[in-house]
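Student: These protein sequence lines are chains A and B, in that order. Here this note's numbering is used: the first residue of the first sequence is 35, the next is one more, and so on. Here this note's numbering is used: the first residue of the second sequence is 237, the next is one more, and so on.
For the record, the hints were derived by calculation from the structure and aren't laboratory data. Certain hints may be false.
What the hints assert, rightly or not - With the Cβ distance kept under 10 Å, some of the chain B side facing chain A (calculated, not the full set):
1. 341
2. 347
3. 441
4. 515
Unchecked claim - No more than 30 Å apart at the CA atoms, straight line, and that leaves these computed lysine-lysine pairs for DSS-like:
5. A:464 with A:433
6. B:297 with A:132
7. A:281 with A:464
8. A:573 with A:248
9. B:348 with B:324
10. B:636 with B:336
11. B:297 with B:636
12. B:344 with A:281
13. B:657 with A:281
14. B:604 with B:438
15. A:477 with B:290
16. A:132 with A:213
17. B:607 with B:297
18. B:636 with A:281
19. A:132 with B:290
20. B:718 with B:604
21. A:573 with A:300
Even glycine gets a Cβ: it sits at the ideal position worked out from N, Cα and C.
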Amino acid sequence: MEPIQPNLWAISLAGLALTLLPEMAPAQNRPRVDFLRDVQPIFRAHCYQCHGPSSRQGGLRLDIKKDALKGGISGPAILPGNASASLLLARVQGLNGKPRMPFGFAPLTPQQIAILRAWVDAGAPWPEGTARPHWAYVPPRRPSLPAVRHREWCRNAIDYFVLARLEREHLQPSPPAPKSILLRRVSLDLTGLPPTLDELNAFLADRSPNAYEKAVDRLLASPHFGERWARPWLDMARYADTNGYEKDARRSMWPYRDWVINAFNKDMPFNQFTIEQIAGDLLPGATQDQLIATGFHRNTMINEEGGVDREEQRWLTIVDRVATTAQVWLGTTLQCAQCHDHKYDPFTQKDYYRLFAFFDHTEEPVLDLPTPRQQAERSRLQARMAELDKLLKSPNTPKEQRDQATQMQADLSAKIAALAIPTTLIMREKQDGKPPSTYTHIKGAYLSRGELVTAGTPAALHPFPRNAPLNRLGLALWLTDPHNPLTARVTVNRLWETLFGRGIVETSEDFGTQGSPPTHPELLDWLATEFLRRRWSIKAMLRLMVTSATYRQSSQASAALLERDPYNKLLARGPRFRMEAEMIRDCALAAAGLLSLKIGGPSVFPLQPEGIWQIPYNADRWVTSEGEDRYRRSLYTFWRRTSPYPQFVTFDAPSREFCTVRRIRTTTPLQALTTLNDPAFIEAARGLASRMGAAGSVRKGIGLGFRLCTARWPTPRELAALTKLYDEELQRYRQDTKAACALIGAATPDARASEQAARTVVANVLLNMDEFLTKE
Amino acid sequence: MSNNDDLRQEALKFITRRHFFKQATYGIGQVALAALLDERLFADPAPQNPLAPKRPHFAPKAKSVIFLFMAGAPSQLDLFDYKPALVKYNGQPIPDEYVKGERFAFIKGTPKLLGTPHTFAPQGKCGQMMSNLMPHLAEVADELAVIRSMRTEQFNHAPGQIYMNTGVQLIGRPSMGSWITYGLGTENSDLPGFVVLISGDKYPDGGKSCWSSGFLPTVYQGVEFRSQGDPVLFVSNPPGMSQLDRRRSLDALRELNATHLGEVHDPEIATRIAAYELAYRMQTSVPELMDLSKETPETHALYGTQPGRVSFANNCLLARRLVERGVRFVQLYHRGWDHHGEAQYDDLLTGLPRLCRETDQAAAALIKDLKRRGLLDTTLVLWGGEFGRTPMNEGRDGSKWLGRDHHPRAFTVWMAGGGIKPGISLGRTDDLGYNVVEDPVDVHDLHATILNQLGMDHTRLTYRFQGRSFRLTDVSGNVVRKILA
């Protein structure tokens with residue numbers, strides 16, 4: 035990667051061209067317009083859709099030099115050296131009474147037009163061929179730390195890259211976040227849970243210089259770390275508890291989910307993590323855990339409808355496996371190549387089917403997972419069965435005994451079933467001694483078979499590792515090969531995205547030419563190389579990120595900064611964004627004192643309104659769990675693909691039918707209705723109200739509740755607003771104790787019902803504050 | 237690239253500054269809030285409510301769509317596509333050339349042709365051939381454009397319904413209603429832009445995927461108005477909490493949020509404040525909408541509605557109330573048209589007439605009612621299922637009841653209003669009704685046509701996801717110009 039320059043490219047890509055242009059370096063210092071860096075991205079984003087590989091409106095194509103210079107039916111689009119006379123410039127400005135391009139879309143910005151003008155005036159230099167491969171396909175090289183003026187601000191390497199950019203932009207980092215806010219932020223990021231009051235108090239009292247680092251290490255060592263980091267992985271793994279499609283019957287898959295949690299908790303190196311999930315069964319002496327790990331690609335849906343073609347269904351699951359593998363490890367959208375060569379990225383249809391072949395050589399068994407006790411009991415019962423078998427097979431056994439034995443066998447079978455031995459879906463290589471191969475499919479259609487191809491990896495990327503076996507294990511080694519330009523970048527980018535709310539490459543699912551370019555290319559490459567240096571340790575990378583000065587900044591934005599950088603691409607402030615669906619529920623339960631911290635096991639059924647599960651051909655019913663299972667962490671909630679938990683869906687969780695790399699965050703009134711009125715959230719409000727009630731006084735109670743929700747004490751003004759609400763509601767519920775009892779879920783009114791009801795209204799408000807719903 | 241991303245991000249913001257000022261007109265903290273909403277805080281170019289009305293590509297004919305989805309796949313051969321030859325050859329085995337290499341859901345061996353047991357007659361001034369099972373629709377025959385040449389690629393219910401709604405049989409793509417609200421927004425900010433209403437003997441087979449927003453932001457997902465419990469999930473306050481309690485608590489909440497906005501300046505907080513105010517308004521607007529008691533007895537008689545009972549008729553009346561209020565896309569599902577003839581319950585002589593009785597009057601009433609209110613011109617009504625049914629008797633396991641298997645090669649849908657030519661029919665099937673022989677209309681063509689009536693060019697309604705631009709019509713689709721007024 036070339037050293038980054040203060041150039042038009044970086045600035046316009048940050049989406050800030052408009053505001054930054056006047057402040058840019060003087061003209062003589064400005065680099066020349068570069069086609070690949072400055073011009074092609076404009077063409078790609080705004081022109082190719084109609085003048086590119088898929089469509090040549092007006093006979094014009096702008097993705098190939100020869101065609102672009104030739105022009106379309108209106109004549110040459112580009113007259114090198116003469117922008118003013120070039121149709122390209124006239125059209126993007128809508129001159130000469132012709133429609134303004136891009137037709138039907140927002141016009142180019144003045145800065146983009148200026149870039150095109152400068153480029154054409156400079157003779158429209160256009161390097162031959164693909165002079166420089168797309169950045170993401172070139173292995174990261176470790177950049178040296180950039181020079182910065184305010185070194186004292188930097189805590190680790192990350193900060194040098196961030197600060198260098200800020201200094202170039204004449205921006206200053208924000209001050210550190212207050213301790214309480216920072217502890218809440220890092221607790222949510224590392225464990226998905228808010229700090230307990232004890233943790234908070236201890237941290238505030240700890241004046242040692244490494245107090246924060248100690249807290250970080252405590253959180254990294256917490257068993258809840260794995261639960262928090264399993265969540266994004268399970269979206270990508272499309273983990274769910276049902277088969278999907280019309281019938282959407284239940285499946286037992288939770289041992290895979292627990293495997294993921296454990297792997298994160300153990301800080302399993304990411305290359306190992308990859309190998310076990312892609313090819314755990316192919317490891318010599320594969321352990322039970324390694325077999326469970328192969329469930330990653332058994333999370334695909336299963337169609338059990340009448341009339342389906344089994345072989346076609348199997349083929350479709352492989353289509354999904356190829357797409358998911360490419361998304362998760364390569365940040366690449368390979369789906370296009372199922373039907374034709376990728377139009378923008380260097381992947382051919384043949385590449386696609388060669389990858390496909392790795393997965394077309396598998397069997398799909400179910401693995402039993404008995405506990406030692408179940409194992410012993412089952413062996414005993416099975417031995418007894420065998421004895422009876424012998425008896426039955428013997429011709430000398432009299433009929434009476436025979437009948438008796440048959441009956442006993444039936445009882446034994448029932449007993450074995452009653453052991454309820456857990457199972458999980460796994461993958462196993464076919465043992466036919468043949469190398470994995472498959473047929474290409476013309477236009478990607480299942481019914482039109484093309485040529486036979488053997489397994490292999492895309493030619494445009496690094497070579498298949500020498501000596502690696504030509505099977506899924508080899509594929510996994512190739513994915514985690516140090517020469518792989520993508521895996522490390524894609525993975526650290528996702529970690530960054532989870533913490534900062536936006537990846538260094540915003541399109542974390544697409545690092546190809548159609549994705550967005552990195553805001554901090556050198557930082558990305560530094561992190562990617564650091565990831566390998568630290569032996570693929572996720573915890574080490576996260577520790578690095580959360581202990582950086584960049585991360586520790588306050589997320590308060592001045593008006594001026596907000597204007598300069600509305601999306602915080604430059605990182606002059608700390609991250610601030612709404613929590614994900616599961617975290618919101620977990621935090622509400624934690625504030626209420628209801629949350630169960632039990633880890634792992636079969637999925638559970640928290641409170642859900644009647645009538646949500648409506649599935650034809652499946653009479654399965656949601657039966658709310660009893661006891662602590664009602665309040666387990668959200669990642670244990672039973673995930674039905676055709677009908678996921680409503681609160682999750684409303685807060686942008688995917689259905690888990692397919693791999694989801696990035697959840698898009700929305701803000702909607704349905705979300706407000708959920709956290710205001712969902713009985714599960716009302717239950718949380720009641721729980722929080724009870725804790726507030728034990729605080730001694732109204733003011734203390736409100737203060738405590740506020741702190742449980744935000745990690746800080748309310749300001750006098752906030753306290754006043756909540757106290758006023760409490761007083762009004764107390765008045766009202768004193769006059770209507772029946773309503774009070776209804777709200778707090780009490781059968782018979784007692785003296786304290788109105789107080790508890792008023793507190794519940796206040797708690798309900800606390801659990802809906804923006805600051806509660808947001809990690810800030 | 238990055239500008240597109242910015243626009244996408246912007247589209248996910250929920251509010252414009254002006255919009256926000258409009259909302260922030262009551263309750264405590266108003267003055268403080270206004271002071272906080274300093275110009276400088278909102279330097280973003282033009283953050284938009286993603287559901288705010290947007291300009292279409294060209295002048296639209298229709299503003300809203302009501303899609304009467306007849307889930308289960310009604311038999312076109314017993315309702316709209318009259319085939320005397322089938323009647324004539326009733327009971328004869330179907331010629332081999334029709335069924336060689338065909339896959340069916342249930343039929344095995346060589347099936348026998350089945351002529352309709354119902355009578356057909358020309359209806360209206362236009363002389364539309366319709367069966368006697370739909371006497372009310374016959375009264376509005378002159379309003380309908382009947383397409384007898386629909387084709388699909390799917391012959392199972394769930395993928396068929398998902399294909400009909402999203403243009404792809406696999407789960408995970410945005411549905412038509414989501415695309416449309418994404419493209420056009422909606423005109424009533426107190427209600428969702430895309431509403432789903434369900435009646436019939438069970439839930440549609442494709443489930444929620446039929447109205448999923450797929451990879452579009454979830455704000456474009458169809459919102460199911462449930463007929464039991466809360467019409468919109470969690471729209472009711474908890475027991476013991478009145479709307480006045482709610483108002484007071486939202487006032488306190490707004491003061492807290494506004495105070496915080498003044499400190500951290502994150503416009504997302506303003507967005508959230510507005511979302512809570514809209515939620516509050518929905519708590520009133522949704523029950524008001526669902527309350528059919530203010531409709532006249534004459535209207536109830538027209539639709540055959542019985543308030544309080546879940547029915548297609550109630551949903552048709554609700555559909556009118558929704559489009560009246562500016563909701564962009566309303567989809568009704570009525571499941572039960574799956575007349576295989578396994579038993580008397582699902583045969584052509586008992587089952588099919590029952591489904592017609594459940595839907596005929598209300599569907600016709602909807603057209604009449606929209607018309608007399610001047611809404612039919614701007615509302616596109618669409619009636620149809622996920623595929624058609626075979627010209628052969630299914631006779632599963634030797635069943636004695638008449639029934640037909642799934643048939644993707646030809647089926648009928650009709651459209652009315654919204655700039656569609658009234659009183660016409662399009663397309664023809666062969667003498668047995670097996671294949672389309674004239675003016676075939678594929679699902680993508682139907683989608684392109686619907687978008688066209690709403691003023692959108694289906695090739696330009698796109699969304700970038702996973703590195704490419706997607707559209708409802710994928711890489712196909714032609715507007716069916718012959719049916720346009």
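Student: For every hint, state whether the structure bears it out.
Tutor: To see whether the hints hold, each was checked on the structure:
1. 341: With Cβ-Cβ at 4 Å, under 10 Å, it holds.
2. 347: 15 Å, violated
3. 441: Status holds, d = 5 Å.
4. 515: 4 Å, holds
5. A:464 with A:433: Violated: residue 464 (chain A) and residue 433 (chain A) sit about 44 Å apart, past 30 Å.
6. B:297 with A:132: 26 Å, holds
7. A:281 with A:464: Holds. Residue 281 (chain A) to residue 464 (chain A) sits at ~29 Å (cutoff 30 Å).
8. A:573 with A:248: Roughly 14 Å separates the two Cα atoms, so the pair holds.
9. B:348 with B:324: Given that 30 Å is the threshold and the Cα spacing comes to 12 Å, the pair holds.
10. B:636 with B:336: 25 Å, holds
11. B:297 with B:636: 48 Å, violated
12. B:344 with A:281: 23 Å, holds
13. B:657 with A:281: 40 Å, violated
14. B:604 with B:438: 28 Å, holds
15. A:477 with B:290: Distance of about 36 Å is beyond 30 Å: violated.
16. A:132 with A:213: 59 Å, violated
17. B:607 with B:297: 15 Å, holds
18. B:636 with A:281: 28 Å, holds
19. A:132 with B:290: It holds: about 24 Å lies between the C-alpha atoms, which stays within 30 Å.
20. B:718 with B:604: Holds. Residue 718 (chain B) to residue 604 (chain B) sits at ~24 Å (cutoff 30 Å).
21. A:573 with A:300: 9 Å, holds
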